[in-house]
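Participant: Listed here are the chains, written in short residue letters.
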Amino acid sequence: MPTTSPDAPIATHSLVLEGRQIEKTVNGPAGSLTILSAVDIEIAAGEVVAIVGPSGSGKSTLLGILAGLDQPSGGSIAMLQQPLNRMDEDERARLRAGKVGFVFQSFQLLPGLTALENVMLPLELGRNANAKKAAMQMLSEVGLADRAAHHPLQLSGGEQQRVAIARAFVSNPQLLFADEPTGNLDGETGQRIIDLMFALRAEKGSALVLVTHDEKLADRCDRRLIMNSGNLRSA
Amino acid sequence: MNILFDIQFALRSLKRDTQAGELRVLALSVLVAVASVTAIGFFTDRVGKAMVRQASDILAADLLATSGTPIEQEIEDYAASLGLTTAKHVRFPSVVINPEDESQLVAVKAVTSAYPLRGALKLSKLDSRDVMAPLDTQAPGTVWVDAQLINILLLKQGSTLTLGARDFTVERLLLFEPDRGENVFELAPRVMINDNDLESAGLLGPGSRARYTLMMAGEPAALTDMSDWLKENQNHVRVIGVSDGSPQMQRALSRAKRFLGLASVVTVLLAGAAIALAVRQFALRQADASAVVRTLGASRANVVTWLSLRLLLICVAASLIGILVGFVAQLLLADLMKTWFSLALPAPSWRPPVIGMLTALAAVAGFGLLPVIKAGRVPVMRVLQRDYSGLQTNPWLTLLFGLVAALLVVWLQSRDILLSAIVVAGVATMLALFALFGQYLIRGVRMAAPARFKLSVAGLQRRTASSVIQLAAFAIGILALLLITLVRVDILSAWERDLPDNAPNVFVINIQPSQVGGFSQQLESQKIDISGMYPMVRARLQGSNGEAATGRRTRWEYNISHSDSLPAANTLVEGEWWDGSETGLPGLSLEHDWAEDMGYGIGDTITFKVAGVETTGIIKNTRQVDWESFQVNFFIVAEKRLLDDMPETYVTSFFLDDDFSTATASWARAFPGIATLDIGSIITRVKLLMDKASMAVEYVFFFTLFAGICVLLAAVQSTQGERIRESALLRVLGASHSQVRSAIIAEFVLLGAMAGFLAAVFATVIGWSLSRFVFELPFQFNGGLWVLGIAGGALGIGLAGYLATKKVLTTPPVVALRHT
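Protein sequence lines, in the order shown, are assigned to chains W and S.
Note that the first sequence covers residues 1 to 235 in our numbering.
Note that the second sequence covers residues 1001 to 1820 in our numbering.
Because the hints were derived from the structure by calculation, they are not lab data.
All C-beta atoms, glycine included, are put in the ideal place defined by N, C-alpha and C.
Among the hints, erroneous ones may be present.
[What the hints assert, rightly or not] Facing chain S, from chain W, some residues (calculated, C-beta under 10 Å):
#  : residue
1  : T61
2  : L63
3  : L80
4  : R92
5  : R94
6  : R96
7  : F102
8  : G126
9  : R127
10 : D179
11 : V211
12 : D214
13 : E215
14 : A218
[What the hints assert, rightly or not] Calculated pairs, DSS-like style, for lysine-lysine (alpha carbon to alpha carbon, straight line, at most 27 Å):
#  : chain 1 : residue 1 : chain 2 : residue 2
15 : W       : K133      : S       : K1806
16 : S       : K1088     : S       : K1122
17 : S       : K1088     : W       : K132
[Unchecked claim] Partner residues are not named here, just some residues of chain W that face chain S (Cβ under 8 Å, in silico):
#  : residue
18 : E89
19 : L110
20 : L113
Go ahead and model the full structure; you've got the sequences and the hints to work with.
Facilitator: Quick look at the structure:
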């Protein structure tokens, strides 16, 4: 893993995500606490990378910072060649719209919207005029066309996660983040969800950054990074 | 992102929102607030106008211009230019002679055909007491006479009366003359003739003591304009408006308005509190969704726009339904009131629905904007790590926003910034006190609770902060309901006591000193109780403090009485009553408000002229007079020595149960010169007004009750999420269904009883202040309030809590733990 200064120019265009010297410290009751220290990471277009590590090692914090959901305390991140750490929150949101997908452990569907409307959301935020058609097609691809009008609470956990996957892929994202996508599902359902996610990823050619505890799942990825006490290293 | 998408997106969420508990409560609160503001607005608007009209009946017009000389054409023209309808009458004393050559001094009133502009004459034939309807105009050459004259001159239908240079036919008995009360002390019996007959009878020569009156009716703005113009340009004309009329009616009217105003402000504040609770709950629940959509690319502004739009849509939809409900409610009431009013209610105006809508928007925006902005700023990392902080609003900013919103909402109702500030400051203080006492109360209950209530008390303990908020909300809700009950029951009944059924309805004036003994015996023989015989001297104001009075004041005549002691139903405001040992100028006692209007104070001297003789007194004290008592009262009471050897007559008042003209038939002949006046109709109208006001208060109370229920629901709803999670955990850990249920019910009963106790304490204090300072009525301690507060609070909130948390019990623990 090359080590460079945080201000070094970012020029590698085949990379969809590049983080340099990422630091994250928080002020707790016992003083300053380092969660991430000098993390470097590069994700190439279409690459599938697993981040594994024990609970509390900083995996989710890193994922959040890489996705622009949180700001690092130091270092730089480029997402799709844009300097994420120099953008404000709304600029980062605009950058994600339609180009970055998410799959969460707790599904995070909007309870007020139907399955179809949930899937349409990223397209609409990216001003796609054919949102409904594309979303319906995506729902068919995950096998939930007949559940389009259902609200999340009317769906099983597995179905909800399939809707979430449809929502993640509907805008053909260049980059997909997944946080323990099977954490809330039983083994068999989880396996089917993973199969679906990998199949769609292969079809769309998206890069995938996956945080997981699941060793079998990590084995299916191109690369595995191990997070330990705020440090990241290759397996 | 365009606005169309924003609206679409907001609408999409709205479908589901309608099933969310807090939004139902929000919509219901908005609906109740708007319905009540609209209904009360429509109601006070229409009934208020009708009440003023009813008060106008006493003048038989909305505005009078009177003068000792004929009213100039210029004045009539100006009234016409303002679109006012007019009528005229001339009043003067004269003498009538019957065919038997018996004569009688009478008070003639010559009226034009449009008279009266407000209210109605009641007429009958002399031989039949059936009221004539429709009321006909007076034919030339006929006179209408009152019962007194009929009794004196023994007149019959068609009798001839000579008045001035010509004969008239007696055509009608005047049963009721709406504006007789305006000149209640006009001494002689009434004879009413057509204005066109004045000239042929040659009644008004130069120097005749006539009073000319132009009567006007029309729109309030035009009336104000007219009144101002007259006061500015027509110095010789005396202007009398509705507010200058009967003080009894005025006080009844202003009290009724205060009742309604108070009730509607309380209703709106309660609904506002419910809105505040519900909107905050809504924003809290949107924190997760906000983080998710921002993860997917939405900006903070997008989120705030969507949430605001959703609130706006709910607010507008609920407001529209509220307006409809308010409109229908007032229609029903207006229909009910029609039977009470002699006239059709004026049409409703567009203002109440607009005010209703503005109130809802102000409440939702004021209480909701801050939580919504906060929801838009919730950290996006919540999607990955739930422990990332949620909605943390600055308590001072929240307080500031809440106060401004409450101020705006109350101001929209009262249009009185000072009053609004006082009310809002009062409510804020109250909430703070409730929260403070609530903490101690919860702590006390926690220590004192028996073992079997452990689970419930533990609930209160776990959520101390939200329990205190709930307690304060419950207490303010119960307080409002208790207060309205207090106002409704206690104050209304005190008001009714003010005007007892046996209030005097007959005045007898012009009793000569030599007749006092005989007349008293006559009344005694008819078993009529009198309040007393009061001496009365007619006097003209000459000047004060050695300076001659100028302008219209010099033309006014006053009835001055003398007394050794403070008259009954009067209270001293300033100064001392005389004890008879004083020397120097004789003492004067003035009615307090009148003295203020005239600019007189203690120690000023006033000179009067009585029968050509000047006499001067010094102001020793001022009195408050209870005009609503209908007892004989005087603006000016003097020490006896001021009026020694002055020509005096006596006046008395009493309650007469029998028919007026039958009972008084023999008096006029036995005691020549005395004049009896039937004021029963005025009393009836004041009573009618009070009844209407009571009805209105009852009606408004209904809305207040609803608003109170909304607050309770919103407060119960505010902890529902926590309760669902907690009860799921308890059930997972082995608590039975009934254990959890009893714990929840007991917790709410406990909260309700505590809130009821706090509310009863404060209701008693506020009730006392309201009676004492606002309604000026005696206060009565009401023990029922405490029972109602504590027992009602425990029962009502226990039930509301149980019903609203049924979902807590029916949600399977696994669902509760997964989704909340």
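Participant: Flag every earlier hint the structure violates by its number, smallest first.
Facilitator: The structure conflicts with hints 3, 12, 13, 14, 15, 17, although it agrees with all the remaining ones.
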